[in-house]
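> Heads up: the protein sequence lines correspond to chains A and B, in order. Following our numbering, the numbering of the first sequence begins with 1 at its first residue and continues without gaps. Following our numbering, the numbering of the second sequence begins with 1 at its first residue and continues without gaps.
Hints were generated in silico from the structure; no laboratory data involved. Hints should not be assumed to be uniformly reliable.
Said to hold, decoys possible - Covered stretches of chain B, as calculated for chain A (at least 3 residues, CB under 8 Å): (1) 19-28; (2) 37-50; (3) 63-73.
Since this is a predicted model, take the numbers as computed values, not measurements. All residues carry an ideal CB built from backbone N, CA and C; glycine is no exception.
There are 2 protein chains.
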Amino acid sequence: MKANIHVMLKDGVLDPQGEAVRHALGAMGFDGVNGVRQGKVIALDLADGTSEDTIARMCEALLANTVIESYRIEIL
Amino acid sequence: MKANIHVMLKDGVLDPQGEAVRHALGAMGFDGVNGVRQGKVIALDLADGTSEDTIARMCEALLANTVIESYRIEIL
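Taking the hints into account, I'd like the entire structure generated from these sequences.
Now the structure itself:
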């Protein structure tokens, strides 16, 4: 089975990487870019039957820093 | 309008970051993790009416390295 984990910085946490992308897009002539946030997606190829609970434990323990990041589990 | 860009390494391109995550999950006792690929997601807040074509040009020019990465545009 496959699962995608989407990890994004929580609202209110400064995102310098996203800000750099926003600035670069503006400098390249793309108008109307009001905001950019950058996160990561982790595509897991797991043994069949792995529970969503187990995946959540992976996220809490390693994949996301839950102090500043939120995560969403998408099972494919 | 909002759009998410999902950028992943193409198949066949070595992903040391994903491999490190796979190894770490195994070392933490999570069995059955067969593979991990890590990509990024870029959440754009754009002026209303920005065309998908414009977003694709942003991806080609800056957001993805199309030599080794593929991207997918998701308009929300």
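> All hints are to be evaluated individually against the structure, with a verdict given for each.
Status of each hint after checking the structure:
1. Check on the region 19-28 of chain B: 4 of its residues sit with their Cβ under 8 Å from a Cβ of chain A, so the three-residue criterion for coverage holds.
2. Counting residues of the region 37-50 of chain B whose beta carbon lies closer than 8 Å to any beta carbon of chain A gives 12, which reaches the threshold of three, so the coverage claim holds.
3. Remark: the region 63-73 of chain B is not confirmed as covered by chain A, as 1 of its residues place a Cβ nearer than 8 Å to a Cβ of that chain, below the required three.
Of the numbered hints given earlier, the model fails hint 3 alone.
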